[in-house]
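Using the hints provided, position chains B, S and X relative to the given structure of chain P.
There are 4 protein chains.
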Amino acid sequence: MNKFRFLTSGESHGICLNAIIEGLPSNITIDKAFIDSELARRQQGYGRGGRMQIETDKVKILSGVRFGKTTGAPVCLEIENKDWQNWTVPMSVEPVNMSDPDIAEAVGSKKITRVRPGHADLSGAIKYNQDDVRNILERSSARETASRVAVGAVAKCLLKEFGITGSSKVLQIGSAFDEESMKKEIDTAKEKGDTLGGSFEVRFINLPVGLGSFVNWDRRLDGRLAQALMSIPAVKAVEVGAGVQAASLSGSNMHDEIFYNRETQSYYRKTNNAGGIEGGMTNGEDVVLKVTMKAIPTMKQPLMSVDIKTKKPFQAHFERSDTCAVEACAVVGEAMAAIILADALLEKFGGDSLEEIKKNYNG
Amino acid sequence: MNKFRFLTSGESHGICLNAIIEGLPSNITIDKAFIDSELARRQQGYGRGGRMQIETDKVKILSGVRFGKTTGAPVCLEIENKDWQNWTVPMSVEPVNMSDPDIAEAVGSKKITRVRPGHADLSGAIKYNQDDVRNILERSSARETASRVAVGAVAKCLLKEFGITGSSKVLQIGSAFDEESMKKEIDTAKEKGDTLGGSFEVRFINLPVGLGSFVNWDRRLDGRLAQALMSIPAVKAVEVGAGVQAASLSGSNMHDEIFYNRETQSYYRKTNNAGGIEGGMTNGEDVVLKVTMKAIPTMKQPLMSVDIKTKKPFQAHFERSDTCAVEACAVVGEAMAAIILADALLEKFGGDSLEEIKKNYNG
Amino acid sequence: MNKFRFLTSGESHGICLNAIIEGLPSNITIDKAFIDSELARRQQGYGRGGRMQIETDKVKILSGVRFGKTTGAPVCLEIENKDWQNWTVPMSVEPVNMSDPDIAEAVGSKKITRVRPGHADLSGAIKYNQDDVRNILERSSARETASRVAVGAVAKCLLKEFGITGSSKVLQIGSAFDEESMKKEIDTAKEKGDTLGGSFEVRFINLPVGLGSFVNWDRRLDGRLAQALMSIPAVKAVEVGAGVQAASLSGSNMHDEIFYNRETQSYYRKTNNAGGIEGGMTNGEDVVLKVTMKAIPTMKQPLMSVDIKTKKPFQAHFERSDTCAVEACAVVGEAMAAIILADALLEKFGGDSLEEIKKNYNG
Amino acid sequence: MNKFRFLTSGESHGICLNAIIEGLPSNITIDKAFIDSELARRQQGYGRGGRMQIETDKVKILSGVRFGKTTGAPVCLEIENKDWQNWTVPMSVEPVNMSDPDIAEAVGSKKITRVRPGHADLSGAIKYNQDDVRNILERSSARETASRVAVGAVAKCLLKEFGITGSSKVLQIGSAFDEESMKKEIDTAKEKGDTLGGSFEVRFINLPVGLGSFVNWDRRLDGRLAQALMSIPAVKAVEVGAGVQAASLSGSNMHDEIFYNRETQSYYRKTNNAGGIEGGMTNGEDVVLKVTMKAIPTMKQPLMSVDIKTKKPFQAHFERSDTCAVEACAVVGEAMAAIILADALLEKFGGDSLEEIKKNYNG
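Protein chains in written order, with my numbering: chain P, 177 to 539; chain B, 177 to 539; chain S, 177 to 539; chain X, 177 to 539.
The following block holds chain P by itself, in its conformation from the complex:
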């Protein structure tokens, strides 16, 4: 991450989520409605539960944009937590008076000492020396990915100016590979109080040749994309092109033969096992990534765990509205990929204004 830098903040039940993006060129059209529509996409998907309905996320752009266009200054985004009014006491930023029994009750009722397998709960509480696991899960919650989707939407606004667009599709939910079976599998899991994982594809098209580089390990685009996608909560695998299938393909079947079109004076391929990346660089074909998400760890089905205060075992089971969030995760995957590609584009073409980058790009 050289040029498109960002930081996010915010808790699941805190006041709001924020993100500051630094390094954007000027004169990029930032479409608030588009960011909102991306946030909405993240909240949809078969198998999502109740909270998603509460939180119809809308972005508020606080800086860096004037009359709908970036100025080159950092862009600050804010997404309100609609549920905040119910959490002002237990999530208070300021110290609270714990000798007031109402306050003590409000705080105590939200305190958590029972750690969930599959979550940051236990390691986080040890690392940050917390006896209330709430101080961990409020930030490790997937709610944080809303900020990423908003940032990714800004990255997409930049990419769009160059005709580069991204999309995603769910490939697998549990053991199901088509929409009908997926729904059925989700319904069954929901009844059992279980949860499901799955996999999805992220695809970006119209990329120029030569984003990323082979000259140093940390400039390889596939590595940077892998980090970005693996950093999404619950993701356990990232594949490029043929991915794990590459293990069983011989060289003569794996590699994408190169052809030249004399009319358009450009190189092309008939296959894309490389997933658009060779030598850590885009090769002009679609960038195709596959991501596997594990099942959500918060569920009604009981799992053995330990109370970190008493050290006593208990059967972890939690009311949780989501059965499957693979569709939402795919939207986050698009966002993270867009961020990396925007960064790589800015790195390659330089420039401080859209006009300058376009000139460099077309040069």
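Keep in mind that the hints were calculated from the coordinates and are not lab data.
The structure displayed is predicted, hence computed values, not measured ones.
Among these hints, one or two may not hold up.
Copies of the same chain look alike in the list, so a pair counts if it fits in one copy or across any two.
Said to hold, decoys possible - Straight line, CA to CA, 30 Å or less: simulated DSBU-like cross-link-like pairs of lysine-lysine:
#, residue 1, residue 2
1, 208, 446
2, 245, 234
3, 487, 534
4, 245, 286
5, 534, 208
6, 258, 245
Structure of chains B, S and X alone, referenced to chain P:
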């Protein structure tokens, strides 16, 4: 990468490979024989060809180490290219006199305009504006991974001081999953002039809880490991723990139940589908990663490609001694993982000398 | 900047200023009243004009803090721009309807094409391809330093836990070196519509030995402090210890002799020409920095400049309420130094919670 | 430092110095003779002692350059330490047999426990937990700046392609401001066994408008230059343009009025108090920096200090051949400034080959 920084340099047929590592604490024992043994491991494996025999790599430590221990100063490593004496003219650093017919012949005979599918050749030549593809492939060659193995061996020297060790094993070659079949498959591919990919596991043990963090996307350990492993040439997939299998596991089967051992006063698991990482942090279990490598693109079996000078198609086939390099790739995978883990360890425990870090670590 | 990362955003007449801080350990007490008092200090000082009275800045902590303590999650700070309600149209984030004459008038009246010497105006407009200089000055304005003071106050909260505190004092205003003459000089300048620069000292005490390092250029603490201080708008010189006086001191007069106190078992100095930094590291003495600020470029006294639209010369003179802002700048200087020192402290001592860092620190 | 990354390594009496530069575009002409001439300039200057004659530094380019031009791959530079053959035992990388009395004697004779005021010695020994101060001073020695000069020469090769060139001149030595008095002052100091500091100017010309940026503190060019220059051993002050003089200039005298030349269609100034940088960006005028260097701490004149083993005081006096190194320091200053400017140029104009950057630059 916060603390353990490094850069590598060097071409496949240049003078030598180098690496500078910055951020090492003082008083770490650096065992040259161990680094050499790691370099030797990278050169072995069934299915490797002739060049590997020429190049029995040995490291030369040029700085940062005195009487076998680090001083805190940057460590510079050098690995000679044994073949360099045959390449002094075509790989000359200085300009050469191309009007001398012998020199022109020596340079011309090594010039490459026929790009290989599956390599950095075409995108690299376009990106760096080169008409001689040698200027690309000399650096994009897997020879560069020797530097990484040397750097990774230094990282392992640091980890070893804390009882943390790593290993790898080949899981699959082509369609074969046991050693006998793997060898047979390699023999067959070799006869046909084809090449094979495969997959391997990298495992690190004895890690403390809490390396990495969930608080910001780029601090998640799984993301950082994914980048490091995906950045290895030819790698197309990285998985953590259950990896792609997680797609078909329900929540109740996926997550590793938590238990507490009152005697050792520590938490433990009976399963490790998480691969030792929850919430982007180590959870104290083994870190288990699976990596898929595609087949080597340089092979005798013909593939269609284009000459970038004439733009005419040709049938790419190259004499290449390696049929399969998955075993070597696994050693590189260990090295890259070791680098990330060493970095995360230094980040968490701070300290400038081994003694200080140990004190912090044990605290 | 390894561990204490932050980004700021916000325009002078936009909705608000924001900052996100990433890398804070948990369990640091964050005192909102203290941050506010630092913001108030930045707004004071003899020679400040009217706007400072409007904007009695108060911080709003949006995340990363619960019950007055950090959780390890990113901290988001917000400072409202009190004047925003008067700027909703000309500083609108959303596109506005310029065919509406009221809106066109509101926007047009704030448009600027006359660039001020000494400011980012001209270079910024060229760099970011803007015909309205407002798109530059809104971010290049010194208003942005309010965010830095808020971030610096958080850094001070961390340092305070280790007994490390900072302060500043004005050394010179124009040609005056004592308070009486400074005030007189400011009064005179104000009458003439001129502005004044000056210099100030920033001092931090109780620092441990060994923050920073000599092993690589970018880890030297003096360099990192110099960047942080020189990055404050209008700063033209940064000195450490004897600073520019070092040019005329011989070696026997410059260097601080070393003594050892057998009772406290510690080294000490009787002089501090080094300013507490030798070899790019703290040496245990006070860190003493001197910073020179140029006079504010916005003033009534006319300066020749050019209208970037018409390319015609004009006499730049602006109504501006501040005559001298050296006192405010000193507060910003403290903040930037605190940020660097907090970063260096975290780098040296590692640790994720205050308790862990304290243990490492005292070890 | 976004794009032009580098690491250096090497000890004063070790095998050699190295540097790896990453991020260079391809097709830059790298002139070895020019690098050598820069290294020679660093070794000259009135007041330098004997060692400089031994070490006529020559660079060896180990990678990243073919036929005199960069390929885009990392460039590794090496500078031999001519004195190494006399230090193979006391500076051995490998462990030595200390039970051999000859070896013990060779090592012991070079062991240092008496720390020099003004150096990294004491803080370094504490930080890195060393009882032999040699393990500190070998790296903290100004010898390391030879690597920086070599790296800076490569940066100059890049800048040269755009007509950007740098130079330096000594302004002051002790209390002397002209060459005659400087020499006299050096002679006197030498006789007394004392040392002298001074100051110098670094100037770069022909810079484009808009390198650096005001939008985030760490992108300001003045800050980045200040870090780079303050990171040079012995530097105690960095000034831009009017520098410390700015404290006493009123706004009407400080700021550089802006004019427009209708013929060349460009803006210009008649003064340059800004030193070529406004709002953290180049404004098209010469970049003018002033740097103050303290006197060399190693000298015959006695200073009180402490033996870190015995904790007993002693009178530090050392045979040292250099009386004054300001001229050499100025060459290092040029190098560091060149590195920052090259980085800022690559950041602004992007591009992977010289041809692409030139196109962007001229666009």
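Here is what the structure says about each hint:
1. Neither within a single protomer nor between protomers do residue 208 and residue 446 lie at most 30 Å apart by alpha-carbon distance, with minima of 38 Å and 46 Å respectively.
2. Taking the closest pair of Cα atoms, residue 245 and residue 234 come within 30 Å of each other both inside a single copy (19 Å) and across two copies (29 Å).
3. In this assembly of identical chains, residue 487 and residue 534 lie within 30 Å of each other by CA distance solely across copies; the values are 26 Å between and 60 Å within a copy.
4. Only between protomers do residue 245 and residue 286 lie at most 30 Å apart by alpha-carbon distance; the minimum there is 17 Å, versus 42 Å within a single protomer.
5. In this homomeric assembly, residue 534 and residue 208 come within 30 Å of each other (Cα to Cα) only inside a single copy, at 23 Å, whereas the closest approach across copies is 36 Å.
6. Proximity of residue 258 to residue 245 under the C-alpha cut-off of 30 Å is found in both arrangements, the shortest distances being 28 Å within a copy and 24 Å between copies.
Violation of the numbered hints given earlier is confined to hint 1; every other hint is satisfied by the structure.
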